[in-house]
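**Q** Line order of the protein sequences matches chains A and B.
Going by my numbering, the letters in the first sequence line up with residues 31 to 212, in that order.
Going by my numbering, the letters in the second sequence line up with residues 70 to 193, in that order.
No lab work stands behind these hints, which were simulated from the structure alone.
Wrong hints could be hidden among the right ones.
[Unchecked claim] Label pairs and their in silico Cβ distance ranges:
{"no.": "1", "chain 1": "B", "residue 1": "L85", "chain 2": "A", "residue 2": "R86", "range": "25 to 35 Å"}
{"no.": "2", "chain 1": "B", "residue 1": "A84", "chain 2": "A", "residue 2": "L93", "range": "22 to 32 Å"}
{"no.": "3", "chain 1": "B", "residue 1": "H115", "chain 2": "A", "residue 2": "L60", "range": "22 to 32 Å"}
{"no.": "4", "chain 1": "A", "residue 1": "F106", "chain 2": "B", "residue 2": "K155", "range": "26 to 36 Å"}
{"no.": "5", "chain 1": "B", "residue 1": "K155", "chain 2": "A", "residue 2": "I123", "range": "56 to 66 Å"}
[Claimed, not checked] Among chain B residues calculated to face chain A with C-beta under 8 Å, some are:
{"no.": "6", "residue": "T76"}
{"no.": "7", "residue": "G78"}
{"no.": "8", "residue": "L82"}
{"no.": "9", "residue": "L83"}
{"no.": "10", "residue": "A86"}
{"no.": "11", "residue": "I88"}
{"no.": "12", "residue": "W98"}
{"no.": "13", "residue": "L133"}
{"no.": "14", "residue": "I135"}
{"no.": "15", "residue": "E139"}
{"no.": "16", "residue": "W162"}
Just so you know, these numbers come straight off a predicted model, no measurement behind them.
Ideal placement from N, C-alpha and C gives every residue a C-beta, glycine not left out.
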Amino acid sequence: MSLIESSKKDHIIAWLAALAITIHIIESALPTPLPGVKPGLANVVTLVALLLWGWRVAVWISLLRVLVGSLLIGTFLTPTFFLSFSGACCSLIALALAQTWSRKVPAIAVGPVGYSVLAAMMHMLGQFLAAYWLFIPHKALFHLLPVLMTLALIFGMVGGVIAARVVTNLNSNTQSLSKILR
Amino acid sequence: MLGQKLTTGDRLLLALAVISLGALYAVYWGQSVYGNQAAIAIGGKHWSSIDLYQDRTIDVEGKLGISQLEVKDGKIRFISSPCDTKQCIHQGWIHQSGEIVACVPNTISVRILGPDPRFDTMNF
């Protein structure tokens, strides 16, 4: 008998968070041309969770990824962590708004690519503003913003296409899996 | 492949993203880094602000005597000064906002004014 009952949802969160953390760590080992720029493939996991199981699951996965990822890389409570954390918060808030919008107005509902682009750009904006307010309060930093946001748009689109693929495959090819996880 | 997966909401969001990107480029990259005015100071006190697109030479009287400044095509330089080292003349033209040229012995300094000073050790 266990003291804490774990639900099916807890298992989904744990599995997907582990996957996201793994991708996050692999990505952090990649060299980047600009600080703060990453393909954001770990966010694909968050997106899939959002599309299949809703916003709450996505929040858990995203925040667990930021927290555990930073603990494993060794950047917990360093500037990198705060940037990633503010980016994640920003993109989660934007995703919540977009999902509410999609439910209220199904005629122009947002799809995977839309969510992904929104999440990527808001993540970038969030971490950029955090960098500006907390670490480098100099106006010249804003000259970087257009480039960073363009990259976020591109990576967001790529991530969205991948997420859409993953979702359709999970829904069609592995009926049993999606039944278990749903 | 991408076209089939896009919903109307996606298209709207993408359009919005592209528009805001355009606005970002316009706001942060649109402005020229070239300043269009310069502030001249004598002995550390502001003396005059001048338009850099009005070509002329200006005589400024400092501690040692008269220094001549030349203004041309948005740039400014010292062309003569009564100092010994002529460092101010050797520095040549300056044009970017935040840039400074000074004749220290004659206590004259010229600073390019602009909406967004360039990132350097002086204005960090």
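**Q** For the restraint on W162(B), tell me whether the closest CB of chain A is nearer than 8 Å.
**A** 22 Å, violated
**Q** Double-check I88(B) for me: the hint is only fine if its C-beta lies closer than 8 Å to a C-beta in chain A.
**A** 12 Å, violated
**Q** Given a cut of 8 Å on the nearest C-beta pair, is the interface hint for T76(B) held or broken against chain A?
**A** Because about 4 Å separates T76(B) from the closest Cβ in chain A, which is inside the 8 Å limit, the hint holds.
**Q** Is the shortest C-beta separation between L133(B) and chain A less than 8 Å?
**A** It is violated, given that the least Cβ distance between L133(B) and chain A is near 36 Å, above 8 Å.
**Q** Is the interface hint satisfied for I135(B)? The criterion is a beta-carbon contact with chain A at less than 8 Å.
**A** Hint violated; I135(B) Cβ to chain A Cβ min 36 Å, cut 8 Å.
**Q** Does the closest beta carbon of chain A sit nearer than 8 Å to the beta carbon of W98(B)?
**A** 6 Å, holds
**Q** For the hint on A86(B), just tell me whether its beta-carbon gets within less than 8 Å of chain A.
**A** 5 Å, holds
**Q** Range first: 22 to 32 Å. Now tell me if the beta carbons of A84(B) and L93(A) are that far apart.
**A** Taking Cβ atoms as reference, A84(B) and L93(A) lie about 31 Å apart, which means the hint holds.
**Q** Per the CB criterion, is G78(B) less than 8 Å away from chain A?
**A** Hint on G78(B): holds, closest Cβ of chain A at ~4 Å, below 8 Å.
**Q** A range of 26 to 36 Å was offered for this pair. Does it hold for the Cβ distance of F106(A) and K155(B)?
**A** Between F106(A) and K155(B), where Cβ atoms are some 57 Å apart, the hint is violated.
**Q** Would you settle whether the hint for L83(B) is holds or violated, based on the nearest Cβ-Cβ distance to chain A being less than 8 Å?
**A** 6 Å, holds
**Q** Checking hints one by one. Is L82(B) an interface residue toward chain A, by the C-beta closer than 8 Å rule?
**A** Constraint on L82(B) satisfied, holds at 4 Å.
Hints 3, 4, 11, 13, 14, 15, 16, counting from the list given before, are not met by this structure.
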